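Peer 1: Chain residues, written in single-letter form:
There are 2 protein chains.
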Amino acid sequence: MPLTPLALDLTDDVTSLTAAVCDIESVSLDERALADAVEAALHLLPHLDVTRVGNTVVARTDLGRAERVVLAGHIDTVPLTVEPANLPTRRVQGQGGEVLWGRGTVDMKGGVAVMLRIAHEVREPSRDLTFVFYEAEEIDSIHNGLLLVQQQAPELLADADFAVLLEPTDARIEGGCKGTLRAEVSTKGIAAHSARPWKGHNAIHDAAEVLARLAAYEPVTRVVDELEFREALGAVLISGGTATNVIPDRCVVTVNYRYAPSLTEQDAEAHVREVFSGFDVVVVDNAAGARPGLHLPAAKAFVEALGLTVEAKQGWTDVARFSALGVPAVNFGPGDPNLAHMDDEQCPVEQYTACEQALLRWLA
Amino acid sequence: MPLTPLALDLTDDVTSLTAAVCDIESVSLDERALADAVEAALHLLPHLDVTRVGNTVVARTDLGRAERVVLAGHIDTVPLTVEPANLPTRRVQGQGGEVLWGRGTVDMKGGVAVMLRIAHEVREPSRDLTFVFYEAEEIDSIHNGLLLVQQQAPELLADADFAVLLEPTDARIEGGCKGTLRAEVSTKGIAAHSARPWKGHNAIHDAAEVLARLAAYEPVTRVVDELEFREALGAVLISGGTATNVIPDRCVVTVNYRYAPSLTEQDAEAHVREVFSGFDVVVVDNAAGARPGLHLPAAKAFVEALGLTVEAKQGWTDVARFSALGVPAVNFGPGDPNLAHMDDEQCPVEQYTACEQALLRWLA
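Going down the list, the sequences are from chains A and B. Counting with our numbering, you get residues 5 to 368 for the letters of the first sequence. Counting with our numbering, you get residues 5 to 368 for the letters of the second sequence.
Hints listed in this document are in silico derivations from the structure and should not be mistaken for laboratory results. Source: prediction; values computed, not measured. Here a beta-carbon is modelled for each residue, glycine too, at the ideal position from N, C-alpha and C. Check before you lean on any hint, since a few could be wrong.
Derived contacts from chain B toward chain A, CB cut-off under 7 Å, selection only [as the list claims (entries may be wrong)]:
1) His209
2) Ala212
3) Gly245
4) Gln318
5) Ala362
Covered stretches of chain B (in silico footprint by chain A; criterion: 3 or more residues with CB under 8 Å from a CB of chain A, positions within the stretch not fixed) [said to hold, decoys possible]:
6) 41-55
7) 195-201
8) 230-242
9) 251-258
Only part of the chain A face toward chain B is listed, based on derived beta-carbon distances under 8 Å [unchecked claim]:
10) Arg200
11) Leu218
12) Gly244
With the rest of the complex left out, here is chain A:
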């Protein structure tokens, strides 16, 4: 651990700054060095009030503008690859041009670098700005820095009109997000020696009907605020049995329901219980999605300024936390989301520049 923070130079071009942010390792729960560097760099900017909550850094302008927008991004990453490690970053020539390769180049230190560049370049923004660089998004949500700010310093977020989460979207605008429900659907049997199964009852055989309902399930696509959210219900885990010579007395199918943001958590639970009626269903977790809110003025202005089409976000992201606060939010950031968490995570450098330029157009 260095005694003085590793320095970030916000006058660098956005790709070099992304590389510098990536090269300060910050696997979840080990974000202190990067949070220190971000905080130190922002303290040099006189137009920002900087607050630290754990390893989350919040910086705000206070210019009395009619609207306030949040730019938010997490500073942690999933673990590095072991051998060789996918850090430090490398700039390499790809088929379609230059790419930056390494952990965090997609998820989501490019977005963090764009936020830092905007903080440095836009001293008199058209809207008041709240930057949130937060810890621990990649792990259990009890550690999530955005959630901790909501709990410990809600005034830092409560006055926002609109939020942009700079998660990777291939530099497209993705509105809202689907909800996600996880449930355990289980069957009960009676254990017996497998040489005499007629003395017991096989719980795995009973799960045939659970899987048959899943295989036959026809998901719907719902249009919410003009965007299409494609639902899904499927098994993600199955386990049953205790030993190779015992008739299994329990089988558990863990299912995941991804539902449109027009459904409440209660709607989603009722639907899953209906699909698996007759079986024991325990909801393990359930988080509603986020409506894209693209009819709201701040959102319309964002979309118009960027001149991009908008698609529905299929995966659950922290935009739902803003949605729960009544703040409409979109996802917009550099990097192909399909490469997030991959060993060869990498991003065309032109996407960093494109995102930076788009936000400059909107906010300058």
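We have chain A already, so just place chain B on it with the hints.
Peer 2: Okay, now just chain B, sitting in the frame of chain A:
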């Protein structure tokens, strides 16, 4: 570890002797003390030639009789209960009379005690006798003492005409045993994020058809040497999935086929492959059963002498090892097999006496 073997007094009544055998702990791979005690007791009997192979003790008469029969039993047990331990044994009053309670009272130190009593009492048996007290039946078969004798000293067993395995049968005669095959039936999918399942393929959903075939399977009952062997095919384990937000790319159903002894291992494998045609099937292990061989003279004489009815043995036992040597074999021993391995393993003392008396009638 005592320097001198714990002593067994073969003049004791069979219940007291069972208690003494149980009270010398002999969890699998820790049978030395009991093997020492058995060997020492048998060395005192001048009509027996005693051989030791590892912790297995073989004792033979050599009287030039027309027939030779084997009495065999394993001397190991499954582990004791932890707190309180189910040893030392206790004689308690049960609803139907006195019972002996504790580890090994069913599986199968009552049978071992009966063998020791026969060895002591029958100095001039009507048939030559081979006693096999063997180690490590309750664990992986590479340690099995009966198998080790077959491999290292086959001449000790090769001249047998008939074998009685004193495994618990509730003091009834159970002929032969079913074979057992274990196979992994698996499905392959394509991993994807569970928010976008249409980019992958769900292997657990594909397993619906595997479970449907199992649930619909109609097992047959086959008559072999006049005994009914009731077959069974069922799932014993199922597992699939890697994480709660990933479409599973693999699901494995472990199935167990218990088949009549008229089928070879090849027949059994072909049947399982036919039932799961279209799926990836890997046979994990496969052991043929044992025909009861009750039409053979030695077996007929045994059944007639005991005056008991004969049923088919449903579970696989070491009688199959004798069958593979061409030696017909039956199971006959004190104790309810449903109580084997249970925490409150216990046996009515009258069963020890009944088995001892039955074998005395046959051999004296």
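Peer 1: Now tell me, hint by hint, if it's right for this structure.
Peer 2: Consistency of the hints with the structure:
Look at His209 (chain B): its Cβ gets to within about 4 Å of chain A, closer than 7 Å, so that hint holds up. The beta carbon of Ala212 (chain B) comes within 3 Å of a beta carbon in chain A, closer than 7 Å, and the hint placing it at the interface holds. The criterion of a C-beta within 7 Å of any C-beta in chain A is met by Gly245 (chain B), whose closest approach is roughly 4 Å, and the hint holds. A least Cβ separation of about 5 Å between Gln318 (chain B) and chain A falls short of the 7 Å threshold, and the interface hint therefore holds.
A cut of 7 Å between beta carbons decides the hint on Ala362 (chain B): the least distance to chain A is about 25 Å, and the hint is violated. Counting residues of the segment 41-55 of chain B whose beta carbon lies closer than 8 Å to any beta carbon of chain A gives 0, which falls below the threshold of three, so the coverage claim is violated. Interface restraint, the segment 195-201 of chain B with chain A: holds (5 residues with C-beta to C-beta distance below 8 Å; minimum three). Counting residues of the segment 230-242 of chain B whose beta carbon lies closer than 8 Å to any beta carbon of chain A gives 7, which reaches the threshold of three, so the coverage claim holds.
With 5 residues having a Cβ less than 8 Å from any Cβ of chain A, the segment 251-258 of chain B passes the three-residue criterion, so the hint holds. With its C-beta approaching chain B no nearer than about 5 Å, Arg200 (chain A) sits inside the 8 Å limit, and its interface hint holds. Interface hint status for Leu218 (chain A): upheld, as the beta-carbon distance to the closest one in chain B is roughly 5 Å, under 8 Å. Taken as an interface hint, Gly244 (chain A) checks out: its beta carbon lies about 5 Å from the nearest beta carbon of chain B, inside 8 Å.
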